[in-house]
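With the sequences and hints as input, model every part of the structure.
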Amino acid sequence: MYFSSNIKFLRKRKARTQDDVAFALNMKRSTLSGYENEVAKPSVEVLFAFSEYFRIAIDTLIKVNLPEIPESQLIQLERGYDVYIRGSNIRILATTVDSKNDENIELVSEKAKAGYKSGFADPEYIKILPTFKLPFLLKERKYRTFQISGDSMLPIPDKSWVTGEYVENWQYIKDGKPFIILTLDDGIVFKIIENKIEQDGKLILYSLNNYYEPYEIEIKEVKEIWKFVNYISSEMPERNIEKDDLVEEVKALRMEVKAIQMKLQL
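Residue numbers (my numbering): 17 to 282.
Derived by calculation from the structure, the hints in this document are not laboratory data.
Only a predicted model underlies this, so the values are computations on that prediction, with no experimental measurement involved.
A hint or two may mislead.
Stated by the list, open to error - In silico PhoX-like cross-links for lysine-lysine, where the CA-CA straight-line distance does not exceed 25 Å: (1) Lys143 with Lys127; (2) Lys116 with Lys149; (3) Lys143 with Lys243; (4) Lys24 with Lys44; (5) Lys218 with Lys133; (6) Lys127 with Lys79; (7) Lys116 with Lys28; (8) Lys155 with Lys28; (9) Lys44 with Lys30.
Structure below.
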């Protein structure tokens with residue numbers, strides 16, 4: 017049970033004294049000190065009071081060791097994206113930070129995909145992944161980069177590095193947007209999502225390449241979802257032949273129209 021350490025951590029994080037919090041909760045400072053030092057046990061009413069004050073679910077205050085979770089997830093909690101409030105299973109992401117305690121962007125190469133499928137939740141495995149920074153991304157959010165393979169998402173080329181932002185609340189996934197999904201069976205896939213979680217407990221995955229048919233996956237098979245942010249590739253995208261042909265056809269039609277107009281003027 018982490019209640020004592022959590023309320024002390026949250027109080028200091030918000031730069032508030034024991035007197036500040038005790039006054040806001042209508043209790044003595046000595047009583048608050050007792051809760052923080054595990055001398056006194058909180059009642060249900062006290063738990064509710066702290067939950068409302070910090071805007072964090074009671075289950076989170078009790079069950080989650082808040083000082084140990086990444087800054088990006090703390091910020092999500094403070095914004096109201098608390099998995100216990102939503103009634104879903106908690107997802108604590110294994111991650112790494114630099115010497116300034118800023119989130120790294122871990123790289124999951126093509127060769128590392130098999131290991132990531134089983135080691136994604138293991139902090140020791142995540143620690144061995146190479147890391148880098150993209151200075152134009154927001155520090156308070158969590159990003160990870162995956163190397164994709166195949167031609168299902170053309171014009172994004174094979175072997176591109178696709179960066180995604182970690183998605184905590186899957187209910188808010190918008191239809192028609194690209195995401196990187198980690199599944200139990202297929203491992204890492206990069207697809208356009210249609211969100212059917214609320215209705216059917218499923219996601220429908222689409223490719224940009226029309227050659228590939230869409231398919232469904234059960235949400236219970238999904239372990240992580242990352243919202244597409246950008247991609248890096250050493251290859252130039254292939255020329256859009258259909259678009260180029262259309263331009264040529266329009267030019268030819270214009271020339272034919274001009275020729276007809278000139279004949280009519282004679």
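Tested hints:
Annotation: proposed proximity of lysine 143 to lysine 127 holds, straight-line Cα distance about 16 Å (limit 25 Å). A C-alpha spacing of about 13 Å is found between lysine 116 and lysine 149, which places the hinted pair at or below 25 Å, so the restraint holds. For the suggested pair lysine 143 and lysine 243, the alpha carbons sit about 22 Å apart, so the restraint of at most 25 Å is met. With a CA separation close to 15 Å, the supplied pair lysine 24 and lysine 44 stays within the 25 Å bound.
With a C-alpha separation of about 20 Å, the suggested pairing of lysine 218 with lysine 133 holds against the 25 Å cut-off. Our distance criterion of 25 Å between C-alpha atoms is broken by lysine 127 and lysine 79, whose separation comes to about 36 Å. With a CA separation close to 19 Å, the supplied pair lysine 116 and lysine 28 stays within the 25 Å bound. Taking the CA atoms of lysine 155 and lysine 28, the gap is about 21 Å. The hint holds against a cut of 25 Å.
Between lysine 44 and lysine 30 the alpha-carbon distance is near 19 Å, which keeps this suggested pair within the 25 Å criterion.
Checked against the numbered hints above, the structure violates only hint 6.
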